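There are 2 protein chains.
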Amino acid sequence: MGPARGTGKEVTAECLCIGDELLIGQTLDTNSAWMGQELGLSGIRPVLTRIVGDDKEVILEALRTARADIVLMTGGLGPTKDDITKRTLCEFFGTRLVRNAEAEACVISLFTKMGRKAHEVKPADLAQAMLPESCTMLPNKLGTASGMWFERDGRVYVSMPGVPYEMMGIMQNSVLPRLRDLFHPPTIVHRTLQTTGMGETLLAERLEEWENNLAMEGIHLAYLPSPGLVKLRVSTYAGADPTEAVARVDRQVALLYGLIPELIYGEGRQQLEEVIGGQLKELGQTLALAESCTGGYLSHLITSIPGSSAYYIGGVVSYANAVKMEELGIASDMLELNGAVSRPVAERMAEGVRKALKSDWAIATTGVAGPDGGTAEMPVGTVWIAVAGPNGVTSSKGVFMGTRDLVIRRSAIAALNMLRKELIPVRATAAE
Amino acid sequence: MGPARGTGKEVTAECLCIGDELLIGQTLDTNSAWMGQELGLSGIRPVLTRIVGDDKEVILEALRTARADIVLMTGGLGPTKDDITKRTLCEFFGTRLVRNAEAEACVISLFTKMGRKAHEVKPADLAQAMLPESCTMLPNKLGTASGMWFERDGRVYVSMPGVPYEMMGIMQNSVLPRLRDLFHPPTIVHRTLQTTGMGETLLAERLEEWENNLAMEGIHLAYLPSPGLVKLRVSTYAGADPTEAVARVDRQVALLYGLIPELIYGEGRQQLEEVIGGQLKELGQTLALAESCTGGYLSHLITSIPGSSAYYIGGVVSYANAVKMEELGIASDMLELNGAVSRPVAERMAEGVRKALKSDWAIATTGVAGPDGGTAEMPVGTVWIAVAGPNGVTSSKGVFMGTRDLVIRRSAIAALNMLRKELIPVRATAAE
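Going line by line, the protein sequences match chains A and B.
This note's numbering numbers the first residue of the first sequence as 1 and each following residue consecutively.
This note's numbering numbers the first residue of the second sequence as 1 and each following residue consecutively.
What the hints contain is simulated information worked out from the structure, not anything from laboratory work.
Since the model is a prediction, treat every value here as computed from it, not as a measurement.
Cβ coordinates follow ideal geometry from the N, Cα and C atoms, glycine included.
You can trust all of the hints, since none of them are fake.
To list a few chain B residues with every Cβ distance to chain A over 12 angstroms, as calculated:
#	residue
1	R99
2	Y157
3	Q252
4	L263
5	Q279
6	A331
7	P344
8	G398
If you anchor each label on the Cβ, the simulated ranges turn out as follows:
#	chain 1	residue 1	chain 2	residue 2	range
9	B	H119	A	P371	24 to 32 angstroms
10	B	T112	A	A254	32 to 40 angstroms
11	A	A118	B	Q172	49 to 57 angstroms
12	B	Q270	A	S109	39 to 47 angstroms
13	A	T95	B	R206	37 to 45 angstroms
14	B	S332	A	D333	31 to 39 angstroms
15	A	E91	B	R178	33 to 41 angstroms
16	A	P371	B	D181	26 to 34 angstroms
17	B	L283	A	S109	53 to 61 angstroms
18	B	R67	A	P177	33 to 41 angstroms
Below 27 angstroms or equal to it, Euclidean Cα-Cα: the simulated DSSO-like pairs (lysine-lysine) are:
#	chain 1	residue 1	chain 2	residue 2
19	B	K281	B	K355
20	B	K421	B	K281
21	B	K117	A	K397
22	A	K86	A	K122
23	B	K122	B	K141
24	A	K56	A	K86
25	B	K141	A	K397
26	A	K141	A	K122
27	A	K358	B	K355
28	A	K355	B	K358
29	B	K113	A	K397
30	A	K397	B	K122
31	A	K358	A	K281
32	A	K358	B	K358
33	B	K56	A	K9
34	A	K355	B	K355
35	B	K9	A	K56
With the hints as constraints, model all of the structure from the sequences given.
The following block contains the structure:
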């Protein structure tokens, strides 16, 4: 009784991640998120992830209550005492551990590559080649724990090591191709739009009418917020004709561009600092920064992009007023008259660093990041941002919510977005 | 029927994380790992984590099959259509959504803090104050979604927003104190030592002998590695006499200080940048930075500490060589002769920024963050770090592994650690 083949039905999967270290938060499980992405791109829907400890009864219970077509297990395959996944699998499938010649060859080849002689391979390492008799062995080129593939009652069970790159190798080389061959899952078509400048609530209000029509089109919308940003994912299942599904998603995305042209800054995994960098490169122009309240974070974002040295000249973090005066040429009476957190100071900072570092563009930030230093007129989170460029200087004030860290992050994103609007004219249609 | 109080039995908890974006891997669930750590420190054992989609039937099934004493839920509390946790909770507990005056006051106060008038708060935001009638509301100071506490059949269910810092605030302010009051879990005594300068494997080798004796003492050691750092948590269960357990842990920690005095920089949640800041404040001295390859990240770390303006004057991000020359006074022939990534340039950068910004101390970084720009003699990850101070300048070279992001993080930590060693003489005994 193998699994149903190519029935056109939705194919589902669940992850079972095994390890005490995951439950107590000693190690962060990144495997299930990665598997979720890969499954989705293969048209398989992830429906559940369970994280359990190295406990036989709990693992057996999880296996018995699995409902998805595919169960992907990670972890518990090491040579130490607390790794019990293999013995538990033998109990569940009513089989026993036997020496697997192919697995043994893999282990020995791994060690000889590391410069050890075959006869020097330790018994603990060779024990890694003992596998359940009823499984199909999936080779692991990067470690001693092989992958294992089981089929029973129309369901596939796969057990893989918990080390992320070993699991990824087995998934890509063996598991995903086998799953596609076996289940012929439908294709999922999706596009993700990156937005900034409006919170999730207001954005949902603005998109309500459009969103209401999506179900009729068989299209799903997801809001994915993070501080200062909201990602919008538009997706659908493709039928026999993927071109039709792509066209259907593209049509809705084009409508979305028309509704919120000024909020969309990119697609896919693109980041704001990447979009700005790309545009500066295209224009052959350069950027400098003068940061007070963002304290270097803006510069960190810009330089996190590989190749940013092509357009980023550098910056000044003017935390003390003396630095604002000496490095950015701000007069002491301007600071006294307006205070450091003010429009004139932000504008002079931007102009000052643009002149000193001879850049085409400059951004400046000055504000109250908190938690202390706020007043009734100028609460914590008040930030002045200025952008200086070939056509002069513009500035605006924001009041950003949250902890010190969030005020810094949100004002940095707002600052990048101000520069983006100066650099890239808003279009009301999707980029082709 | 409230939960069992102070029975001395082990108290267990499970996490139920809700959100399609988690399953498909668009967002990484970090909440359950954090909650697992916090539960462990409160003497509560995490036994299961489930990640499910925004699907009423699946959430209900997860609630019905919960077996632990405590069920901690995160996610699905946003104002958009795909957030269905509250309605599902109403169905599970046989209750209905009603306006919660306390929650409404929280929402309005949040918006007035941002400068909006009370009557301008939108219906979608006020809808966030509709809560299940039978729950106890747990205030959220950082967002519009309140926490909710339910008790039934001896089990506690808590629902919190999925935004990590909002969840953390509710856990620390409300959930953990309430759980401790209700269940009286056994007391765990622990101390966490922060180390830097040696990787986990080498550290474990160096501590092997000491570690082998811990079990006899009823003490557990956990290694908690993150890029550039390893936390060591020394913990034990306290019996009737907590003083005895504290003394037992303190004794082992004192031995640990003796074994790796130069690697330990702090305790608890202390960060390297905090330790340095505290020391600079105590000495009444100041710091300036000249960053090339760390690109502002070092400055961001320093300014992430509240009150850092007391000792941090500012910095220069000298990405382009022109900035190194003009702002830091580095001669062009020095750059040509040695290259920008070299000991003399790093030292001159540190001295240059110390002089320009008139600080007591200065750190400089220059290196190849990658992914491009490496050569056979100078591979990606090569970084020169210099520290200038009242007694002159010291410098050292590191070769840091990993992606661009990791090279930046690891070199920033190494740079902070160099300054720490200059500021704080190594002691072979624990701070009292």
